[in-house]
Amino acid sequence: MFGLDKKDTSLLLIVAALVALAPIILNPFPEGSALAQFNAGYPDLMQRFVIFGIFAIGFNILFGLTGYLSFGHAAFLGAGSYAGMWMMKLLTINVIPAIIFSTIIAGVISLAIGWISLRRSGIYFSILTLAFAQMAFALAASVLTPITGGETGLQTNLNDPRVLPSFLGGGASADGNIPKPSLFGIEMSASFELPVGSWVWTFNWGYYICAVMMLLAFYLAIRVFRSPFGLMLKAVKSNQQRMNYTGLNTRPYMLACFVISGMYAGLAGGLMAAMDPQVGAERMQWTASGEVVLMTILGGVGTLIGPVLGAGLIKYFENIFSKINDNLLHQWFSFLPDGLENFMVTIIHPFIGKGWHLTLGLMFMGIVIFLPGGLVEGGQRIKAMFKGKKAEKATKTTPAE
Amino acid sequence: MGILDVKDVGKRFGGLQALGDVNLSVAENSVHAIIGPNGAGKSTLLNCLVGKLIPDTGSVMFDGQSVLGRSPHEINQMGISRVFQTPEIFGELSVLENMMIPIFAKRDGAFRMHATANMMKERDIVENAEKVLVDMNMADKRGMNAASMSRGDKRRLEIGMCLAQEPRLLLLDEPTAGMARADTNNTIDLLKQIKDERDITIAIIEHDMHVVFSLAERITVLAQGTPLVEDTPDNIKGHPKVREAYLGEAA
Numbered sequence: 001m002f003g004l005d006k007k008d009t010s011l012l013l014i015v016a017a018l019v020a021l022a023p024i025i026l027n028p029f030p031e032g033s034a035l036a037q038f039n040a041g042y043p044d045l046m047q048r049f050v051i052f053g054i055f056a057i058g059f060n061i062l063f064g065l066t067g068y069l070s071f072g073h074a075a076f077l078g079a080g081s082y083a084g085m086w087m088m089k090l091l092t093i094n095v096i097p098a099i100i101f102s103t104i105i106a107g108v109i110s111l112a113i114g115w116i117s118l119r120r121s122g123i124y125f126s127i128l129t130l131a132f133a134q135m136a137f138a139l140a141a142s143v144l145t146p147i148t149g150g151e152t153g154l155q156t157n158l159n160d161p162r163v164l165p166s167f168l169g170g171g172a173s174a175d176g177n178i179p180k181p182s183l184f185g186i187e188m189s190a191s192f193e194l195p196v197g198s199w200v201w202t203f204n205w206g207y208y209i210c211a212v213m214m215l216l217a218f219y220l221a222i223r224v225f226r227s228p229f230g231l232m233l234k235a236v237k238s239n240q241q242r243m244n245y246t247g248l249n250t251r252p253y254m255l256a257c258f259v260i261s262g263m264y265a266g267l268a269g270g271l272m273a274a275m276d277p278q279v280g281a282e283r284m285q286w287t288a289s290g291e292v293v294l295m296t297i298l299g300g301v302g303t304l305i306g307p308v309l310g311a312g313l314i315k316y317f318e319n320i321f322s323k324i325n326d327n328l329l330h331q332w333f334s335f336l337p338d339g340l341e342n343f344m345v346t347i348i349h350p351f352i353g354k355g356w357h358l359t360l361g362l363m364f365m366g367i368v369i370f371l372p373g374g375l376v377e378g379g380q381r382i383k384a385m386f387k388g389k390k391a392e393k394a395t396k397t398t399p400a401e
Numbered sequence: 001m002g003i004l005d006v007k008d009v010g011k012r013f014g015g016l017q018a019l020g021d022v023n024l025s026v027a028e029n030s031v032h033a034i035i036g037p038n039g040a041g042k043s044t045l046l047n048c049l050v051g052k053l054i055p056d057t058g059s060v061m062f063d064g065q066s067v068l069g070r071s072p073h074e075i076n077q078m079g080i081s082r083v084f085q086t087p088e089i090f091g092e093l094s095v096l097e098n099m100m101i102p103i104f105a106k107r108d109g110a111f112r113m114h115a116t117a118n119m120m121k122e123r124d125i126v127e128n129a130e131k132v133l134v135d136m137n138m139a140d141k142r143g144m145n146a147a148s149m150s151r152g153d154k155r156r157l158e159i160g161m162c163l164a165q166e167p168r169l170l171l172l173d174e175p176t177a178g179m180a181r182a183d184t185n186n187t188i189d190l191l192k193q194i195k196d197e198r199d200i201t202i203a204i205i206e207h208d209m210h211v212v213f214s215l216a217e218r219i220t221v222l223a224q225g226t227p228l229v230e231d232t233p234d235n236i237k238g239h240p241k242v243r244e245a246y247l248g249e250a251a
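The listed protein sequences derive, respectively, from chains A and B. Heads up, the first sequence is in the numbering used here, so the first residue is 1 and it goes up one at a time. Heads up, the second sequence is in the numbering used here, so the first residue is 1 and it goes up one at a time.
Some hints here could point you the wrong way.
Stated by the list, open to error - Interface residues of chain B toward chain A, partial, derived using beta-carbon atoms under 7 Å:
id, residue
1, N76
2, M78
3, E88
4, S94
5, P102
6, K106
Because the hints were derived from the structure by calculation, they are not lab data. Cβ coordinates follow ideal geometry from the N, Cα and C atoms, glycine included.
For reference, chain B alone in the conformation it holds in the complex:
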């Protein structure tokens, strides 16, 4: 049993069977990649994990508790943080404020008002946010407007915002999509560092094989809504079924 167990999950949109009988187990403190061609159901699966979609069949257990029927903020409070395909940050606010929000949210999420407290006087929160900024190597940008940063820095900030909540599971949805090579490599290094330094499980959905093979310890290949194979990166590389799924029968 892993920290995240997906059992017999199916999801249908009208006539389209987006997911059919997905079984998946992510081991604690591992990096698990989910790959597959376009339309394989990767994003649908991820949306089922974070509460955006509710699967028609099957169960999703996180640390022994079902996530089904819970809203996204409740699932986040259970210890799952997600990174979006395009960085979702608070553009109008400063980098430091961006970093403080998830920490406040973790503390006050269920509603504690603090409407007249001074946010900068909450020393532990500010210090915590600044520490994560240092970890993310962006302490010099703390006063910057988040929207004015480069794509790579926005991604870095978003990952930092997730880590600031000390999640047990970090879900990444194509974290390097649309990035220049240098930014992609930076992100890979950052994720490697996170994996080495923290007790955290990472599940990553990715298109870019370079990213997948540099990071993943286990890989699940998804095709047409069902898992094709699950194995170590070395075994996946040469697997005939994977080649077939990606390149078609002719290959």
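Okay, chain A solo, but in the shape it has when bound:
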């Protein structure tokens, strides 16, 4: 289906089903229960899951296929966000022009940065991209203040022009408030809540728009991975020496790959702006570039689904673990004698709340050391274990027959 083989089609369908049912799947604990705070099925976080999923899928097209490690992808994310914001300020509050323009702008910028950075490979390439991203960050925070809003960032305002006619989302909102990003009148923040028993499922418009974009992005990534173009990129990663003597001019291929990857980041940035119309320069900072590297490695470099899983895992930790505080820990360990309770809380304290990075770091180390192929390799090993057991059983039962 869709020009994919059976295996890829089923992967795409499974991902589509998971994404569509995410508001239900991510809310496994009943409302009001002690575990309810581990629920991730609220719009804000789900939007982040899929948006960072897009970002990581795009990053993986570059890193996974060619092995070129870019440390500057946050620049494209940020550029996409700014571009999207300007569309929503100048043209219309409708998110479509914002998303399109953010992708295009990120493509143009990645063309320029890639053109220069791809003259080098390996660590030098990484450093060049990092340098460009830090320059972009510094510019956005200072010199480019008229465009980026500097340190205060960029928001939608009441007196923004929004020149398109009002039925296309132009002008001000009817009630005199700052209009919220919308799609032909449907606000991104609009949700439909469905209480079932003691659960509450929230179906949010913004999430589903992001989800559709992610599925499109994911589908396109599968196509790229299975195309002759993708094969060439894998060949560059595997043996650049052989590739040079095989009649392929690797540079335009690498550049095309870099631009595609940058456009994915721009799309993610545009969606971020569309979901939450405020952008600050910190979105371009190198830590944001590093985060997408972590996502991709955690999930599994060069795999199709890995980056999405990695993005989900990191965003889950960031939002859920960081919310656990000492009071909560005291509640959990209240069944212990006082001294022991305090001791446990002291031990766990550095790993939660603001210390969630420590947990993430340990997890990252564990995965890189024991599962170099990331979560996807973990899944494959579990699958192989079950298959192995089955095979063992089969061989054991045969002699008896």
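Position chain B against the provided structure of chain A, taking the given hints into account.
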């Protein structure tokens, strides 16, 4: 005039004259061997032919066109494929994919994107790759990871990858270096078969005299960066200058 004409080529690295006035002509559809002791400049000469190095002086003409100043991929597109001393293949990819890459590269080398086409649905390319695999006697290994094969099979695959591009000139850089005797003999047989079945010119740089004398129709002996003699294998065998170059004056 041959298919490959090297005229007065010189190359200097600092104080070392690696090549000095090399003249060489490889006739079309022949097997031409270039031999010489260590440091004779064989590899430097080969690197000048494929675009890795640019000689300081002289000219290199392939089929009437100069190769100098062109990059390796352009020279490959002209019809020169090279085999490396240690097999250079795409280790992480399957044998079939390895075979498809050079065919795609020949078609799309200058940049045609095909970013959403399905590579396995490009029937002519897949069929072509599978045909070469059959020719190379490795059809049973098509799904294997290329890195997991034996040295001899890697060499076989690499030669196949070059042939898949239907080059006019195949350059081999010590194709049997570091190989066991059985693998060496297999490679000799393979090259003989290629020579008999295809319209192809083969230039081979080799240390192993057994390989050279089983294959070559002409031999150029290189010593200290200049060609000593060029002749048929029979005449080279007994040539006093060759013995001197290889074994020193005492011999």
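Open item on the list: Are any of the numbered hints broken by this structure? If so, which, sorted upward?
Closed with: 2, 4
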